[in-house]
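A.B. asks: Here are the chains, one letter per residue:
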Amino acid sequence: MFDAPSQLPGQISMQRSHGEAAVAFAQAEAGARLTGLRQRGSAKALLPRVRGVPEVVFLNTSGGLTSGDTLSYAIDIEGGARVVATTQAAERAYRAEAGPADVRVAHRVGPGGWLDWLPQETILFDRANLRRQTRIDLAPDAGCLLLEAVVLGRAAMGEQVETLQFSDIREVYRAQKPVFIEPLMLNSDILQRRGNPALLSGARAFATLALIAPGAEDALEPARRALGEAGVEGAASAFDGKLVLRLLAADGWPLRRQILKLMDVLRRGAPPPRVWQL
Amino acid sequence: MAMIIRMITGTTTITTIPMAEADDLALLRLVQWLSPAFPTGAFAYSHGLEQAIASGDVRDEEGFAAWLADILDYGAGWNDAVLLACGLRGEPLDALADLARALAGSAERLRETTEQGSAFGRALAEMTGRKAAASEPLPVALARSGRELGLPVERIIAVFLHSFASNLVSAGVRFIPLGQSAGQRVLAEQHLRIAGIAARAASAGRGDLASSAFRAEMQAMAHETLDVRIFKT
Numbered sequence: 076m077f078d079a080p081s082q083l084p085g086q087i088s089m090q091r092s093h094g095e096a097a098v099a100f101a102q103a104e105a106g107a108r109l110t111g112l113r114q115r116g117s118a119k120a121l122l123p124r125v126r127g128v129p130e131v132v133f134l135n136t137s138g139g140l141t142s143g144d145t146l147s148y149a150i151d152i153e154g155g156a157r158v159v160a161t162t163q164a165a166e167r168a169y170r171a172e173a174g175p176a177d178v179r180v181a182h183r184v185g186p187g188g189w190l191d192w193l194p195q196e197t198i199l200f201d202r203a204n205l206r207r208q209t210r211i212d213l214a215p216d217a218g219c220l221l222l223e224a225v226v227l228g229r230a231a232m233g234e235q236v237e238t239l240q241f242s243d244i245r246e247v248y249r250a251q252k253p254v255f256i257e258p259l260m261l262n263s264d265i266l267q268r269r270g271n272p273a274l275l276s277g278a279r280a281f282a283t284l285a286l287i288a289p290g291a292e293d294a295l296e297p298a299r300r301a302l303g304e305a306g307v308e309g310a311a312s313a314f315d316g317k318l319v320l321r322l323l324a325a326d327g328w329p330l331r332r333q334i335l336k337l338m339d340v341l342r343r344g345a346p347p348p349r350v351w352q353l
Numbered sequence: 065m066a067m068i069i070r071m072i073t074g075t076t077t078i079t080t081i082p083m084a085e086a087d088d089l090a091l092l093r094l095v096q097w098l099s100p101a102f103p104t105g106a107f108a109y110s111h112g113l114e115q116a117i118a119s120g121d122v123r124d125e126e127g128f129a130a131w132l133a134d135i136l137d138y139g140a141g142w143n144d145a146v147l148l149a150c151g152l153r154g155e156p157l158d159a160l161a162d163l164a165r166a167l168a169g170s171a172e173r174l175r176e177t178t179e180q181g182s183a184f185g186r187a188l189a190e191m192t193g194r195k196a197a198a199s200e201p202l203p204v205a206l207a208r209s210g211r212e213l214g215l216p217v218e219r220i221i222a223v224f225l226h227s228f229a230s231n232l233v234s235a236g237v238r239f240i241p242l243g244q245s246a247g248q249r250v251l252a253e254q255h256l257r258i259a260g261i262a263a264r265a266a267s268a269g270r271g272d273l274a275s276s277a278f279r280a281e282m283q284a285m286a287h288e289t290l291d292v293r294i295f296k297t
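Protein sequences appear in the order of chains F and R. In the numbering used here, each residue carries its 1-based index in the first sequence increased by 75. In the numbering used here, each residue carries its 1-based index in the second sequence increased by 64.
In short, the hints are calculated from the structure, not lab data. Possibly wrong hints are sitting among the right ones.
Said to hold, decoys possible - Only some residues are given here: those of chain R computed to face chain F with a beta carbon under 7 Å:
hint, residue
1, Ala-130
2, Asp-162
3, Leu-174
4, Ile-240
5, Leu-256
6, Leu-273
7, Ala-274
8, Ser-275
9, Ala-280
All C-beta atoms in this analysis are idealised placements derived from N, C-alpha and C, irrespective of residue type, glycine included.
Please work from the sequences and hints to get the whole structure.
C.D. replies: Structure follows, in structure tokens:
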């Protein structure tokens, strides 16, 4: 389960955790059908019994990420199936003095298919070092809803993140062409300027939602009307087959409330995944 | 001394000019393309500055300098510089244009870069009689022509960034408003930053693209619903 220890000269050797979970679906008459499931190491894919659109809940049993850890999640959707996927809990990136933790998310949505990729937030602790790449490949007529929420320390615990290396690339491709690329990056220098109005304006929680599908632009007005949650600054824009929203908040809780409101609008009233309702 | 041999077709004249002069001529071409007089319509795009002013985020020289510095370091300054570098170094321009479009964070960001890129290509085509390339984002359009200049990549990037910053200073001076000297002070303060970005971007690749001016992207979105707008973006 845990890999061979890795260490720098003179350092205590630390165990690393590695995990991979991959799930595949195809469409059958009765609805989407599981066609593949692979789990290795610390990663698990849970499939709660739900009616209607199947749900996948990814879980990192190692309890968090630090230097040298690797984690990968993948969903493959064929035959026009619809799937909702999320994570069991917030991902935590802890102090990492010996290099980055590496996370790869790679989903593929075949013709006519749909994926809601709604992971819960990522909490970054002081001195975290996390490199994550999320890539969703869509067939020409497939679509997805993508969410990434990040929280800098926990406000209630008075945690302040001063030292950080965080690279979080969010990419969506359609027929091998890039259609949405957000190479988010935060580091210590930027955090020193966190109060700047062009950067974070002092916010410690922020999120991006992207609806990428033919006709996504039609959701702009309903999405804008759903903004305005207390304590959250939000903005939306529709262009080029996309609806993109960005949110900023002082804390993870108002951010989550705003995200739930937007999920409701963008998913046309579909209930959020069970793990979001806790 | 290194020489460049320039053939003038249609005659039997062969002219040689010194390399240094050829560089000066190339630099003049670049400066012409990136001057405020070149018809890209740059003055119509505030890159979200109009929103930042309207919301009170930028209200004086100091605030404007900080805003501009962040845009250069962490926003379009850095990312357009990287795209330009990739194009100047010979990467396929169609794929680069797709990447640049996918990177645009909002409707106005996309509009600003593609309209200026189209206008740039059209202006060059009209000047030279060559066919304009299909509409492409500004850094890609500039790379397409910039490749022919034979100038160091770093220099082209620096002049491009300076022209971007200078346009925003003009907008800031008129609308914050700032005195002319204050505006020029802000611009002069960015020289070192611009030189640094150009130096790092010159050897950077798409893996170095980094979007960190999160709220600036939101300001660009909010600009779409600003009640009274003078600028297109």
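A.B. asks: Give me the numbers of the hints this structure contradicts, sorted from smallest to largest.
C.D. replies: 4, 5
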